[in-house]
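> Since the structure of chain A is already known, use the hints to place chain B on it.
2 protein chains.
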Amino acid sequence: MTTAELNKMGERARRAAYELQTMKQQDKEIELLKCAEYLSIYKEEILAANAEDIKRATEAGMHPGMIDRLRLDDARIEAMADGMRQVVKLKDPCGEVMEEFTRPNGLKIRKVRVPIGVIGIIYESRPNVTADAFALTFKSGNAVILKGGSDAISSNIAIVNLMRKSLMSSGLNPDFVQLIEDTDRKVTQAFMKLNKYVDVLIPRGGAGLIKSVVEKSTIPVIETGTGNCHIYVDKYADLDKAVPIIVNAKTQRIGVCNACESLVVHKEVARLLMPRLAELLKEFQVEIRGDEYACDILPDAVPATKDDWGKEYLDYIVSLKTVGSVEEAVEHINKYNTKHSEAIITEDKTTAQYFMDRVDAACVYVNASTRFTDGFEFGFGAEIGISTQKLHARGPMGLKELTSYKYQIYGTGQIRT
Amino acid sequence: MTTAELNKMGERARRAAYELQTMKQQDKEIELLKCAEYLSIYKEEILAANAEDIKRATEAGMHPGMIDRLRLDDARIEAMADGMRQVVKLKDPCGEVMEEFTRPNGLKIRKVRVPIGVIGIIYESRPNVTADAFALTFKSGNAVILKGGSDAISSNIAIVNLMRKSLMSSGLNPDFVQLIEDTDRKVTQAFMKLNKYVDVLIPRGGAGLIKSVVEKSTIPVIETGTGNCHIYVDKYADLDKAVPIIVNAKTQRIGVCNACESLVVHKEVARLLMPRLAELLKEFQVEIRGDEYACDILPDAVPATKDDWGKEYLDYIVSLKTVGSVEEAVEHINKYNTKHSEAIITEDKTTAQYFMDRVDAACVYVNASTRFTDGFEFGFGAEIGISTQKLHARGPMGLKELTSYKYQIYGTGQIRT
Numbered sequence: 001m002t003t004a005e006l007n008k009m010g011e012r013a014r015r016a017a018y019e020l021q022t023m024k025q026q027d028k029e030i031e032l033l034k035c036a037e038y039l040s041i042y043k044e045e046i047l048a049a050n051a052e053d054i055k056r057a058t059e060a061g062m063h064p065g066m067i068d069r070l071r072l073d074d075a076r077i078e079a080m081a082d083g084m085r086q087v088v089k090l091k092d093p094c095g096e097v098m099e100e101f102t103r104p105n106g107l108k109i110r111k112v113r114v115p116i117g118v119i120g121i122i123y124e125s126r127p128n129v130t131a132d133a134f135a136l137t138f139k140s141g142n143a144v145i146l147k148g149g150s151d152a153i154s155s156n157i158a159i160v161n162l163m164r165k166s167l168m169s170s171g172l173n174p175d176f177v178q179l180i181e182d183t184d185r186k187v188t189q190a191f192m193k194l195n196k197y198v199d200v201l202i203p204r205g206g207a208g209l210i211k212s213v214v215e216k217s218t219i220p221v222i223e224t225g226t227g228n229c230h231i232y233v234d235k236y237a238d239l240d241k242a243v244p245i246i247v248n249a250k251t252q253r254i255g256v257c258n259a260c261e262s263l264v265v266h267k268e269v270a271r272l273l274m275p276r277l278a279e280l281l282k283e284f285q286v287e288i289r290g291d292e293y294a295c296d297i298l299p300d301a302v303p304a305t306k307d308d309w310g311k312e313y314l315d316y317i318v319s320l321k322t323v324g325s326v327e328e329a330v331e332h333i334n335k336y337n338t339k340h341s342e343a344i345i346t347e348d349k350t351t352a353q354y355f356m357d358r359v360d361a362a363c364v365y366v367n368a369s370t371r372f373t374d375g376f377e378f379g380f381g382a383e384i385g386i387s388t389q390k391l392h393a394r395g396p397m398g399l400k401e402l403t404s405y406k407y408q409i410y411g412t413g414q415i416r417t
Numbered sequence: 418m419t420t421a422e423l424n425k426m427g428e429r430a431r432r433a434a435y436e437l438q439t440m441k442q443q444d445k446e447i448e449l450l451k452c453a454e455y456l457s458i459y460k461e462e463i464l465a466a467n468a469e470d471i472k473r474a475t476e477a478g479m480h481p482g483m484i485d486r487l488r489l490d491d492a493r494i495e496a497m498a499d500g501m502r503q504v505v506k507l508k509d510p511c512g513e514v515m516e517e518f519t520r521p522n523g524l525k526i527r528k529v530r531v532p533i534g535v536i537g538i539i540y541e542s543r544p545n546v547t548a549d550a551f552a553l554t555f556k557s558g559n560a561v562i563l564k565g566g567s568d569a570i571s572s573n574i575a576i577v578n579l580m581r582k583s584l585m586s587s588g589l590n591p592d593f594v595q596l597i598e599d600t601d602r603k604v605t606q607a608f609m610k611l612n613k614y615v616d617v618l619i620p621r622g623g624a625g626l627i628k629s630v631v632e633k634s635t636i637p638v639i640e641t642g643t644g645n646c647h648i649y650v651d652k653y654a655d656l657d658k659a660v661p662i663i664v665n666a667k668t669q670r671i672g673v674c675n676a677c678e679s680l681v682v683h684k685e686v687a688r689l690l691m692p693r694l695a696e697l698l699k700e701f702q703v704e705i706r707g708d709e710y711a712c713d714i715l716p717d718a719v720p721a722t723k724d725d726w727g728k729e730y731l732d733y734i735v736s737l738k739t740v741g742s743v744e745e746a747v748e749h750i751n752k753y754n755t756k757h758s759e760a761i762i763t764e765d766k767t768t769a770q771y772f773m774d775r776v777d778a779a780c781v782y783v784n785a786s787t788r789f790t791d792g793f794e795f796g797f798g799a800e801i802g803i804s805t806q807k808l809h810a811r812g813p814m815g816l817k818e819l820t821s822y823k824y825q826i827y828g829t830g831q832i833r834t
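Chains as they are written, first to last, in this note's numbering: chain A, 1 to 417; chain B, 418 to 834.
Just so you know, the hints here were simulated from the structure itself, not pulled from any lab data.
Note that the structure is a prediction, hence the values are computed from the model and not measured.
Among the hints, erroneous ones may be present.
Counterexamples of contact, computed for chain B against chain A with all Cβ distances above 10 Å [to be verified]:
# : residue
1 : Q438
2 : V604
3 : Y653
4 : D655
5 : Y733
6 : V783
7 : I832
Here are the simulated DSS-like pairs of lysine-lysine, each with C-alpha atoms no more than 25 Å apart in a straight line [said to hold, decoys possible]:
#  : chain 1 : residue 1 : chain 2 : residue 2
8  : A       : K211      : B       : K425
9  : B       : K817      : A       : K108
10 : A       : K335      : B       : K728
11 : A       : K193      : B       : K633
12 : A       : K311      : B       : K425
13 : A       : K306      : B       : K817
14 : A       : K211      : B       : K633
From the three backbone atoms N, C-alpha and C, an ideal C-beta is built for every residue, glycine too.
With the rest of the complex left out, here is chain A (with noise of 0.2 Å):
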């Protein structure tokens, strides 16, 4: 794909994007519901396009819990339909006056919500986040140009071209969704600066990927998903409340954002809290790696490197430090952690305070388990992601995050003086 062509491409978003800011509600819905029918009814074309991903995958010898991500088949193909369905359930947050006020001078002005316009977004995880993108910037009145990963490719095009299809045959315009279908990494670097068309880039996947994005785009990034989430058992906890809230963030799901990888422990209750736990997460076979004075009560455990405050594992693995204060425990944290999800065990309401206005992140919790970060968990419906970063929105992003706002000012003549 050449950068004139990549440009036509973003020439078509923005045009999109200016049909699709003025289209009802409603019609969105319509459009919304038939593409979800798209996907039921055309779904061999997906699973022959996904066969081919799944072949390729297999011959490179990927491994198979990769592949099992990359897999369709027909219940995950119709919970990807349903998905869709539940976004059109959604309340379209463009057009909200956010705010009105009117000036000495008469001027009356309106702050209202509006779509952001062209959403880029680079992912390399399964193939129903196609689906997924399109169906919540769709809804919130914005273009999406994709760019997935080269493991799904087959399957992210068949996609795709159902969502044009739909969209075409209801006479609307294809572009409100877009793929980049050239896998070639240059391409990528190229559409990170596609500036004039694209307003903004939402990486989704790894570490890895979302540090490049970061690095190399020149459009705005909004910074979503690593989580290095901490747990802090306070002196003043209720160990009933912590020891499962600890068992349920570390354990539930190793592979998320939101899971508990490290725990901050008050030394005057590590003696009572940690032997209990420990034998808890024995249980998953989660390795405990401790600071001295951790090590000296847990003799089980794996002596902590300094590497391991700062680690996402991801893992069966949990990093552990005691600490002689809330204070102490807040600069750890503060410190270490990646501004997600960081949760206090406490029965203290002033000592919880503390933590929650000192402690940097976009979710900041009390006696409850650090999983809870997340769109569905909020209320929110759905999420295009998780922010980590402070600009624009934070934590999860739903609809409402995917817009922007315009002031409108109504005005009988009036000039500056």
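Then chain B, alone, in the frame of chain A:
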């Protein structure tokens, strides 16, 4: 300045930001008033430093207009101090509970407004920006690292040192404000990659500076400033409103981003409007660069070239494009504008709303001058810049736009199943 020193500076800023985020509104106000006093009391120090800048600039043969921008005197220092006192009066946006809801599982979620953290500002303009930027970031609870232009370096050092002196004498952390004194380009480039310590970078200055920061920074940037603003005179326009609005937007101050740079005129009113307008613009020696149709009507007009439509003149020049419909006007504007401020002059409400809903800009006006796009005019009290991007903030950025949010979640032992 070495990279290690720059990192140390970032680390100090981050630490300062953590202190500042919980500082009481009243304490911030008292300190800001003291800083304003310091500007007055120690103005001789600033004037002496400024004299060095002026001397260097004069020796280097700087244009007298530029030297004037650089120069400080008693009145300008008093204006700086007054600006600071104005910021004291603004409402501190931090701590506001933006949303609050309880989930079916009992989790109570509060979305709370918090400072962004560490803000970097790269600017090249007058030394008063130094005091101004400190006041706004401090009041909104953010630590700031300033990187001013080399022309004003002595003045900037003097001003920042005064602020730090005031902070220290109050027993506060002087690192709430830091200045990068090394004006080497390499230092600036390293600063733009200080992601670990700087949450957002705001460039303030000309188009060249902004472009350079957008291209080189890996820190999230808020793009500000460039404005190729249009006024569209519709066929239903009241010409008695159109004429003074255009004259105001074009001539009241030519060097600012919200000045009008281009006129788009419906052909049905062109013959009536243009001669009348041209006569008035002539008084200000405004050169009109028109399309063929316009030049036919206005014998004095210069034929526009293709380059004219996208140009921010910041001069006594205006381009003039004639169109046959509001649709054509919108298309032209969306093609060439910088998403800053755009106006329509019309008495027809449907046409006005059509324009406002479809023109892609931070501020869209009906029957008013584009010159109102300004923090003071919007009632924000002050502004750090005017955002022309769609992420985070759009249009005039006041204190609120220098904040982020976090979710504080109150549980009673909830785990995810």
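> Please go over all the hints and tell whether each is borne out by the structure.
Okay, the hints, checked on the actual structure:
no.: 1; hint: Q438; in the structure: violated, 7 Å
no.: 2; hint: V604; in the structure: holds, 19 Å
no.: 3; hint: Y653; in the structure: holds, 14 Å
no.: 4; hint: D655; in the structure: violated, 8 Å
no.: 5; hint: Y733; in the structure: holds, 17 Å
no.: 6; hint: V783; in the structure: violated, 6 Å
no.: 7; hint: I832; in the structure: violated, 4 Å
no.: 8; hint: A:K211 <-> B:K425; in the structure: holds, 22 Å
no.: 9; hint: B:K817 <-> A:K108; in the structure: holds, 20 Å
no.: 10; hint: A:K335 <-> B:K728; in the structure: violated, 46 Å
no.: 11; hint: A:K193 <-> B:K633; in the structure: holds, 11 Å
no.: 12; hint: A:K311 <-> B:K425; in the structure: holds, 23 Å
no.: 13; hint: A:K306 <-> B:K817; in the structure: violated, 39 Å
no.: 14; hint: A:K211 <-> B:K633; in the structure: holds, 15 Å
Hint violations for this structure: numbers 1, 4, 6, 7, 10 and 13, all remaining hints satisfied.
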